[in-house]
Amino acid sequence: MPEHIAEVKGLTKKFDDFIAVDDLSFAIGKGQVYGFLGPNGAGKSTTIRMLTGLIHPTAGEVLIDGESFSRNRMRALQQIGAIVERPDMYKYLSAWDNLRIFARLSRKHIPADRLHEVIELVGLKGRESDKVKAYSQGMKQRLGIAIALVHDPELLILDEPTNGLDPQGIAEMRELIKTLGTQMGKTILISSHLLYEIEQVATHMLIIHKGKKVVEGKVSDLLNPNETIFEVRILPDDSIMSKLQEKGWGQYVAEGGNSSTLLFRMHPRKMPGLNKYLVEEKVHVLEIRSKHSLEEYFLSLTNENNAGAGAV
Amino acid sequence: MLGLELYKIFRRPRTYISFLIMTAVTFLIQLAMYVDGKSFVSFAMAGVGEQFDIGGNILNGYLVTYIVLQSLLIHIPLLVALVAGDALAGEANMGTMRLLLTKPVSRTKVVLVKFIAGIIYALLLLVWLAIVGLGLSILLFGTGDMINLKSDAFVMLLEHDIIWRYMLAFAFAALAMTTVAALAVFLSVFGDNSIGPIIGTMGIIVVLTIFSNLEVPLFNTIKPWLFTTHMIAWKGFFDAPVPYDAIWQSVAVLLLYIVLFITATIIVFNKKDIQS
Amino acid sequence: MRSVMRVGVLWVMLSCISIQSYAQADSAAVLFENLRSRLDVIKDYVADVRIKIDISFMKVPPLDGKLYFKAPDKMKLERKGGVSILPKNNVSLTLNSMFPTGGVTVIDAGRDIINGKTVKVIKVIPLEDAGQIILTKIWVDEARNLALRTETTTRDNGTVKMDLAFGNHLKLGLPDKVIVYLDVKEYKLPKGVTMDYDASQQVKPAVKGDKKRQKGKIEINYLKYEVNKGLSDKIFMETN
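Residue numbers (my numbering), protein chains in the order written: chain A, 23 to 334; chain B, 8 to 283; chain C, 4 to 243.
It should be emphasised that the hints constitute simulated quantities derived from the structure, not laboratory data.
Predicted, not measured: the structure shown is a model, and the values here were computed from it.
Even glycine gets a Cβ: it sits at the ideal position worked out from N, Cα and C.
A couple of the hints might just be wrong.
[Stated by the list, open to error] Derived DMTMM-like pairs (lysine to aspartate or glutamate); straight-line CA-CA distance at most 25 Å:
#1 C:Lys-91 - B:Asp-199
#2 A:Lys-234 - A:Asp-38
#3 C:Lys-62 - B:Glu-222
#4 B:Lys-279 - A:Asp-38
#5 B:Lys-278 - A:Glu-221
#6 C:Lys-55 - B:Asp-168
#7 C:Lys-83 - B:Asp-246
#8 C:Lys-62 - B:Asp-246
#9 C:Lys-164 - B:Glu-57
#10 C:Lys-180 - B:Asp-60
#11 A:Lys-304 - A:Glu-317
#12 C:Lys-62 - B:Glu-57
[Claimed, not checked] Covered stretches of chain B, going by a simulated chain C footprint (3 or more residues, C-beta under 8 Å):
#13 26-35
#14 155-169
[Unchecked claim] Covered stretches of chain B (in silico footprint by chain C; criterion: 3 or more residues with CB under 8 Å from a CB of chain C, positions within the stretch not fixed):
#15 46-57
#16 238-249
One chain only, chain A, in its complex shape:
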């Protein structure tokens, strides 16, 4: 029994010259609600498509319950239930027909009782014979979850499940995910470009930016008030990283910085010491800003993304 339900090792995907996902590694443990966070275009979608076997990685591999897609796609797929991007279904068929069709494809005998069960779980009881055409976005999303859940997979993958929902729909979806995660003990990977959504439901989270891992950890740790993100702007210095490593400041460096903007995650009390060290090292510090929270830090990534980068 592998200790992780999903394990991603050195996952890389190139589209022609564009690197969508760059040497990404992470693992999802059993029972975790794993938030997968990143601004739009960070590579979330591509990663999720590789996690579900829709896209073949350029390098690296995805193991689901110890089974890799390249070796045993069928086994890997049996362990997951996923909604990738929009929950699209056969619009001209009823919700029940859609559920029935996809349940039949799961290589398991699934009794009708189970179908009723998931329909009830996602709150579509009484509407199951309506055509999907007539469904609202929120209903489709819930039907999508029912379809993803119906064969009782080890890992549930929900790609931006609140996208396109109204506030009430978002609240309902949040409740549903909480029910699935905390009450039913499902392992869930949930992606979003909104931190506060992840904060509310996830136990763990991973932030990626430009295809690379930025932050990973337990949500409780990452949102710890004892840690603050500091952004230190300096005159460009190519040797700064090695200098920091030398004196033991390297452990506080957060990913996402560069030679002119350094990011640190540390207790605010440590900041004066760092500042002193930088001055002694004759690093020209232009500005030090504390970002206080993960939220602000994440926003800075998002803003940077919106400001310039042309990543899709």
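Fit chains B and C to the supplied structure of chain A, relying on the hints for placement.
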């Protein structure tokens, strides 16, 4: 899974459009023949009528069916393309491809099921054509000896010697339509909506049919390798004697194309990154 | 005197020859009249026939049916609802149509051998210019008073040759089998119209010689005759 596929096909209204179109065209031809068949026959017979008196029930159900097939078997490929071209591209277009392929189903199986569903659909079209085309024509016009006008021959078949020809002709047509389905499924793998593959299939068939029928020396060398040349081999069953050697050769060429298209589809589809 | 004698002998000889040739012409004419009168007895008949059409572009199986005939030139093939095919205007399927009517000049054309049997050949030329027939050559089995072969040159349809075989219906003077050899025009429809399945898949070699006209053959086997039942003309009206 095939059952599910057929369920999906036959629950959408578009599927039945083909049956309606075919029925309508058949009715129109039958009506035209019923109203004005005699002048059509005398026009067609002009070449022979100059030298021979041809009497009796020429305009019978068998001849009308042949006329119906002659006109419709060019168009049925287009109808088959309507469904088979939608096979993979349609799932991509609807967005259901993602859901479908995250279920533990091998992509090879998806292709094969789509293809077989396409064949079954084509077969049902042909069965329907047999019912309205052959069945109704016989009801309306009766049976009789059949005259088949070829460009260089006047072929007459006796009444009792015809129905087996139709059976084989329909069987062959099924193979021809399977080729069309295979082509459409193949093109379907590249499209993210079904319009491209459907138009593509129709276009290829129309263009190659023209090549197959043009009497240009340049095309004569490639003609034996065009599947459209062989798709009309069903007509061979209405020749006397039936050119079995040529028909078997046509069967072989069509089978080759089918295997080629489907193998290519499977390879491409398995390698494909699903981005839809 | 010798010369007078000579002339006299020559004259006798010449007259002998001419007498003989008159006699021959006479017997040829008699032969023809006998044949014609024997034909004239048959006013009409209905016969069960099997017709084989052997023309390169006509792929037609043997046709079984009833052949209706009424003198002088009405003919119809009936095939129980099936399709019937006969040469236009029944131009040449019966012996009657091979024989000129009215006054004729008959010339002896010597002897020939058909199927090992020696027969007499006569040439018949109609006196009137209006008819279709310009010349008919007839091979006559004198012993049985039967025409075994005819070769008729017509104004519009070229030369038509006919072989006849007798047996079961000898008493009626009607043949068991008639083979008509005729010239037919080539037949061609544009390929774009017919959308042929080209079984040969090869370019067909060009036919040498006269493309327009081809030789054809129609074989009629008479299985049973019913003679002189008084067929009405209505039967010959086109009913379809």
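Hints and how they fare:
1. C:Lys-91 - B:Asp-199: 62 Å, violated
2. A:Lys-234 - A:Asp-38: Holds, at roughly 18 Å.
3. C:Lys-62 - B:Glu-222: Judged against 25 Å, a Cα distance of about 24 Å means the pair holds.
4. B:Lys-279 - A:Asp-38: Given pair Lys-279 (chain B), Asp-38 (chain A) holds - Cα atoms ~14 Å apart, limit 25 Å.
5. B:Lys-278 - A:Glu-221: Not OK: Lys-278 (chain B) and Glu-221 (chain A) at ~37 Å, beyond 25 Å, violated.
6. C:Lys-55 - B:Asp-168: The given pair, whose Cα atoms are some 17 Å apart, holds under the 25 Å limit.
7. C:Lys-83 - B:Asp-246: Distance ~23 Å between Lys-83 (chain C) and Asp-246 (chain B) Cα, so the pair holds.
8. C:Lys-62 - B:Asp-246: Given pair Lys-62 (chain C), Asp-246 (chain B) holds - Cα atoms ~8 Å apart, limit 25 Å.
9. C:Lys-164 - B:Glu-57: With a Cα-Cα distance of about 20 Å, the restraint between Lys-164 (chain C) and Glu-57 (chain B) holds, given a limit of 25 Å.
10. C:Lys-180 - B:Asp-60: Holds, at roughly 21 Å.
11. A:Lys-304 - A:Glu-317: 31 Å, violated
12. C:Lys-62 - B:Glu-57: 17 Å, holds
13. 26-35: violated (count 0)
14. 155-169: Satisfied; 12 residues make the cut.
15. 46-57: Coverage by chain C holds here, the residue count being 4 at a Cβ distance below 8 Å.
16. 238-249: Holds, because 7 residues of the stretch 238-249 of chain B bring their Cβ atoms closer than 8 Å to Cβ atoms of chain C.
In this structure, the earlier hints numbered 1, 5, 11, 13 are contradicted, and the remaining ones agree with it.
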